[in-house]
Every structure is written in C-alpha cells, then in structure tokens.
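Between the sequences and the hints, there should be enough to build the whole structure, so can you do that?
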Amino acid sequence: NAGVTQTPKFRILKIGQSMTLQCTQDMNHNYMYWYRQDPGMGLKLIYYSVGAGITDKGEVPNGYNVSRSTTEDFPLRLELAAPSQTSVYFCASTRQGTGVGGELFFGEGSRLTVL
Amino acid sequence: AQSVAQPEDQVNVAEGNPLTVKCTYSVSGNPYLFWYVQYPNRGLQFLLKYITGDNLVKGSYGFEAEFNKSQTSFHLKKPSALVSDSALYFCAVRDGYSSASKIIFGSGTRLSIRP
Chain A
1 NAGVTQTPKF RILKIGQSMT LQCTQDMNHN YMYWYRQDPG MGLKLIYYSV GAGITDKGEV
61 PNGYNVSRST TEDFPLRLEL AAPSQTSVYF CASTRQGTGV GGELFFGEGS RLTVL
Chain B
1001 AQSVAQPEDQ VNVAEGNPLT VKCTYSVSGN PYLFWYVQYP NRGLQFLLKY ITGDNLVKGS
1061 YGFEAEFNKS QTSFHLKKPS ALVSDSALYF CAVRDGYSSA SKIIFGSGTR LSIRP
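Line order of the protein sequences matches chains A and B.
Residues in the first sequence are numbered consecutively from 1, following our numbering.
Residues in the second sequence are numbered consecutively from 1001, following our numbering.
These aren't lab readings, by the way, just hints derived from the structure by calculation.
Predicted, not measured: the structure shown is a model, and the values here were computed from it.
No residue lacks a Cβ here, since even glycine has one placed at the ideal position from N, Cα and C.
Among the hints, erroneous ones may be present.
Restricting the straight-line Cα-Cα distance to at most 20 Å, the calculated cross-link-like pairs of lysine to aspartate or glutamate (EDC-like) are [said to hold, decoys possible]:
| # | chain 1 | residue 1 | chain 2 | residue 2 |
| --- | --- | --- | --- | --- |
| 1 | B | K1102 | A | E59 |
| 2 | B | K1058 | A | E103 |
| 3 | A | K44 | B | E1066 |
| 4 | B | K1102 | A | D38 |
| 5 | B | K1102 | A | E79 |
| 6 | B | K1102 | A | D56 |
| 7 | A | K14 | A | E79 |
| 8 | A | K44 | B | E1015 |
Residues from chain B that face chain A, not an exhaustive set, calculated with beta carbons under 8 Å [to be verified]:
| # | residue |
| --- | --- |
| 9 | P1040 |
| 10 | R1042 |
| 11 | L1044 |
| 12 | F1046 |
| 13 | F1090 |
| 14 | R1094 |
| 15 | Y1097 |
| 16 | K1102 |
| 17 | I1103 |
| 18 | G1106 |
Below is the structure:
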C-alpha cells in the first residue's frame, strides 16, 4: 500500500524555469491538497481538489497551477520559478474531506530550491 | 475567521516525564480539532481528532488530547515521554462546515525528549 507518492523528492531550479511536482494516491480518495511548508511556519494551502475535474485555490495560489484529470493524480505546476517558491511541498489526500473530520494522509514531501 | 495558536515554539521534557503540547483555538460554531506529528524529513502523520463527545480523545503512540471548551484549548498530552516522541507537532482546526472546507494549521511546536 503506497499511500501518497510525491516526485521528485529534491529539485533545484533556476529563476524563471518551470516544473511540475507529481502526486499520486492509491487510496481512491476524492479530496487532494497541496501545501507548502516554510521554515518555522505551519503549512499553507496552495490548491485543493474535491474530485476529478474540480480544483480550487487555497491560501497561497499565486505562481502555481494544478489539474485533476483522474482521481489518483494531482500535479502541481510551477511557472516562472522565483526564490520565494523555495520551500518543501506536501501533497495530501483524504476520503471524507477535512471539513467533516477527514484525516489527511501526506506524502513524503518535495524539497524545492530556486536559485 | 477560524484560527489556531501554538504558544510554544519548543518544549523540552526528560524521558519518562509527562509531556504537554499546548494549542488554543478561535472558532465560530463547533470546532473540529486535529493533531498531526512530523518526524524529520517526513510528511505529517495524523495523531488524533476531536469532533464531538468525550472531551478526552485518545490517539496513536499513546498520545491523548483534552478538549476544553471554556478555555478554548486542545492540549496534547502523554503520561510518559519517549525519546522517539521527539518531533514537530501541529495542531489544526477546520475552517468551515462542509466536506470541502479546509483545515488551518498552527505554526508547530518542536518537542525534544532528552534521555
């Protein structure tokens, strides 16, 4: 049982480059989320999805895009990378939805550095 | 707006002693509260949650949390700390009442257990 899988684990980007962080889950969860974690800070929600074909912005969406073509996959796209996007990115999923008490399952994280 | 606060950046406890990690919240309506733990270089893991019912909630790894409505607190506790409990702990509260509602994380408390 793989749970939530994120790739890559580490990546260094130059300013202005673009990349996609991959996230896939094998638990048939409808709800998926992308968070970023900066040092000494809690997690900030970037984008989320309540099912295939449905996405919405979170707290800090600027500079990112997402898509949800299947239940399993929820990739996060960074366009024109900036140093402010240096962070650790976590993908998470839940069956019920966090607003009704759903427990989040997290991936191992993707550490991104923009130089 | 819903919010959650963790007033201590770091808590230091000797192995075998009881531990408490503090969390206070501000919500309108009934709070759904969560605790998550993050071990080094890993994603967050769910520990326990309060939705309704008994104010004392038991969770994974021997942890428990006490919901106190009058003090708007949800402190995480363990009777006897282990060195392996050393990690970063996050309190969270739901931000809304539908399944699509998000959760808001606190800034985290680093728990250090000395042998």
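Results for each hint:
| no. | hint | in the structure |
| --- | --- | --- |
| 1 | B:K1102 x A:E59 | holds (10 Å) |
| 2 | B:K1058 x A:E103 | holds (15 Å) |
| 3 | A:K44 x B:E1066 | violated (26 Å) |
| 4 | B:K1102 x A:D38 | holds (19 Å) |
| 5 | B:K1102 x A:E79 | violated (25 Å) |
| 6 | B:K1102 x A:D56 | holds (11 Å) |
| 7 | A:K14 x A:E79 | holds (12 Å) |
| 8 | A:K44 x B:E1015 | violated (32 Å) |
| 9 | P1040 | violated (11 Å) |
| 10 | R1042 | holds (6 Å) |
| 11 | L1044 | holds (5 Å) |
| 12 | F1046 | holds (4 Å) |
| 13 | F1090 | holds (6 Å) |
| 14 | R1094 | holds (5 Å) |
| 15 | Y1097 | holds (6 Å) |
| 16 | K1102 | holds (6 Å) |
| 17 | I1103 | holds (4 Å) |
| 18 | G1106 | holds (6 Å) |
The structure fails hints 3, 5, 8, 9 (numbered hints given earlier, in ascending order).
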